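Asks: Got chain A sorted already, so can you dock chain B onto it with the hints?
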Amino acid sequence: MTAGGNAEPVGSCPTPLPPGEAVLLGHGSGGRLTSELIDGIFLDRFANPELARLGDSAVVEVGGLRLAFTTDAFVVTPAFFPGSDIGALSVNGTVNDLAMVGAAPLFLSAAFILEEGLLVEDLTTISDSMAEACRVAGVTLVTGDTKVVERGGADGIFITTSGVGLVPDGLDLGPDRLLAGDVILVSGPVGTHGVAVMSQRAGIGFDVDIVSDTAPLTGLVEEVLAAAEVHCLRDATRGGLATVLCELASASQVRLLLREADVPVLDAVRAACATLGLDPLYVANEGVCVAAVAGSDADAALRAARSHPLGARAAIVGLVESGPEGVQLETAVGTRRPIHMLAGEALPRIC
Amino acid sequence: MKYVDEYHDAELARRLAKRITDAASRPWTIMEVCGGQTHTLVRHGIDQLLPDEVRLVHGPGCPVCVTPLSVIDHAIEIAGRPDTILCSFGDMLRVPGSATDLQQVRATGSDVRVVYSPLDAVDIATGNPDRTVVFFAVGFETTAPANAMAVHRATAQGVDNFALLVAHVLVPPAMLAILSAPGNRVQGFLGPGHVCTVMGWGEYEPIAASCGVPIVITGFEPVDLLEGILMLVTQLEEGRHEVENQYVRSVRREGNPAARAVVAEVFEPCDQAWRGIGTLPSSGLRLREAYRGFDAALRFPTDLQVPDDSRLCIAGQVLQGRALPDECAAFGLECTPEHPLGAPMVSSEGACAAYHAAGRVGTRRPG
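Keeping their order, the protein sequence lines are chains A and B. First residue of the first sequence? That's 1 in this note's numbering, and the numbers climb one at a time after it. First residue of the second sequence? That's 1001 in this note's numbering, and the numbers climb one at a time after it.
No wet-lab data here; the hints were simulated from the structure. Remember, predicted model here, so these are calculated numbers, not experimental data.
Reference excerpt, derived from the structure (chain A facing chain B, CB under 7 angstroms, subset only):
id : residue
1  : Arg32
2  : Ala332
3  : Val333
4  : Arg337
5  : Pro338
Covered by chain A, according to a simulated footprint, are these stretches of chain B (three or more residues, beta-carbon under 8 angstroms):
id : segment
6  : 1007-1017
7  : 1039-1050
8  : 1100-1110
Yeah, the Cβ is synthetic: ideal placement off N, Cα and C, and Gly gets one too.
Excised from the complex, chain A in its bound form (with noise of 0.2 angstroms):
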């Protein structure tokens, strides 16, 4: 048998999509699909040297200071899950786009697109929600946009929230700046959130004890700045810690290694992975990143971040190797074999 040993390049020139091809729910899954829609349709048209960094958040100067700006569609069903519901995640996941590139959030939009017949108690509900987050995270929602469409036209309820911020003089994150001797930092459990919403998908009905992990990071991504020198971080949503990591690998053209059996993952979701055939590593997050840090100042990074109570279970899972561009993975059991983006879809509409 082939032993695993070379890396197949990660974030290769893309296949054309085929005329009188339809799109696919893996087209949306933050994988590769979802690459091969961005990059063949969409990079192209808007062509500009921001867009094509594909960061978390763009960060353009706007009257001598930098400001950092990012929008992004909830779509989420079911609209309430485990732990949270669809307002706060509008709220947290722009908040955290804006995290990333080590903005504090100033000021949300929201767009709502309403399908005729949800229910107005939900709508309040999750109107409270989003409020409560905002709140937490110290940003301000202000201004929106409201639009009903048929029954039929829309699942319930999506709401689109775009954010901006400030990003402080002299940071320069981004996914093309990791060095080898950086090493990767994740700031909790991985999977959690995914699986939050999975146990509560029609037929599965999961009876157990795990809830959406879905929070602002600005406040653990502040004590981690303050603490080390950071080259990127990255919010480990879709395609999950897996994906994140290949994206960053092709993006500043390193070899990183993951180590297996170092990832934090909660008892009940490494079951109810392991129960549907899911790989945490490839599960999406709400409230977890990845930070890349100066490997001389990994204890300090890793100190900064379980200081913050959403960090608690912080862990230092790999780093950045010289080697042929791509990820490789320390199995739990010892072995190591390359690890590749999210193919198609996983988990539908989890965010």
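Replies: Leaving out everything else, chain B in the frame of chain A:
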């Protein structure tokens, strides 16, 4: 779920690998039957721990991989009817039919739903009395009890707008076909742990005895597989050919009698076509006469003509252990998980998808 961690123990894994190395005095070719085992072997790089003497080849135990093209096309045709809802396990959606797949037809308007149990499909039928709900009943002996239960429940509740499109396959006839094929090189089997949880291992004893091959019923975690390989190599070295049970925490000799009983009541053996392999006698299940009314193939007859599989694809050889996935000219090039040519590249339990996910590189790839 305490079991998960202890069966990933790196130190124990290394000790077992060392014992396999010490035990193997000459080359042996071993096949794991089940796709779940293939997935674990490749995902954890178990082969990297093994000595050169132990060669692993992968078996036909991925149900979506062996479901005939004609049945997939039939499912797609049924899904396209305005008066039906097609329910399926998620894996089937991306399996390529001759022109399209269920995922594509769902995207263009067919009502295709992923369910996690056929009993959910019965509930969907109850809630949609004006349409026929067809569950795509694929799988080995493992999924047969739930499918039989669905028929049972539909009968008990008088749900007559529910049907099964049945493409069940059975493990022992496939093992016999592999062993009796010209040029067979399989000398021992890691037996299918989940299938035997249902069926027990009695039916494997005649195969071991008549073909002179050892069979070790094996679990699905890394340490399970290493222990199963050690038991198999020990038998081979000692010239024994018995059925042994590594997966003692799940499998009993008689299996699960209640599950076997419901399967036997609803289904009977039949000749079955296997994609890439051909028709094998008594290797499938069909609904018994009393339950024939639930047969979607009879309710929605088809006259579809099905072309041959892609010539590039060597899935049939891979499924019989005659070739490894990365020996295929299309592997990782024309055939990828995003654009699969053959079914083993689709399911996570398919050998080709497992190799691809583990980053293995095809022989045709430059460099």
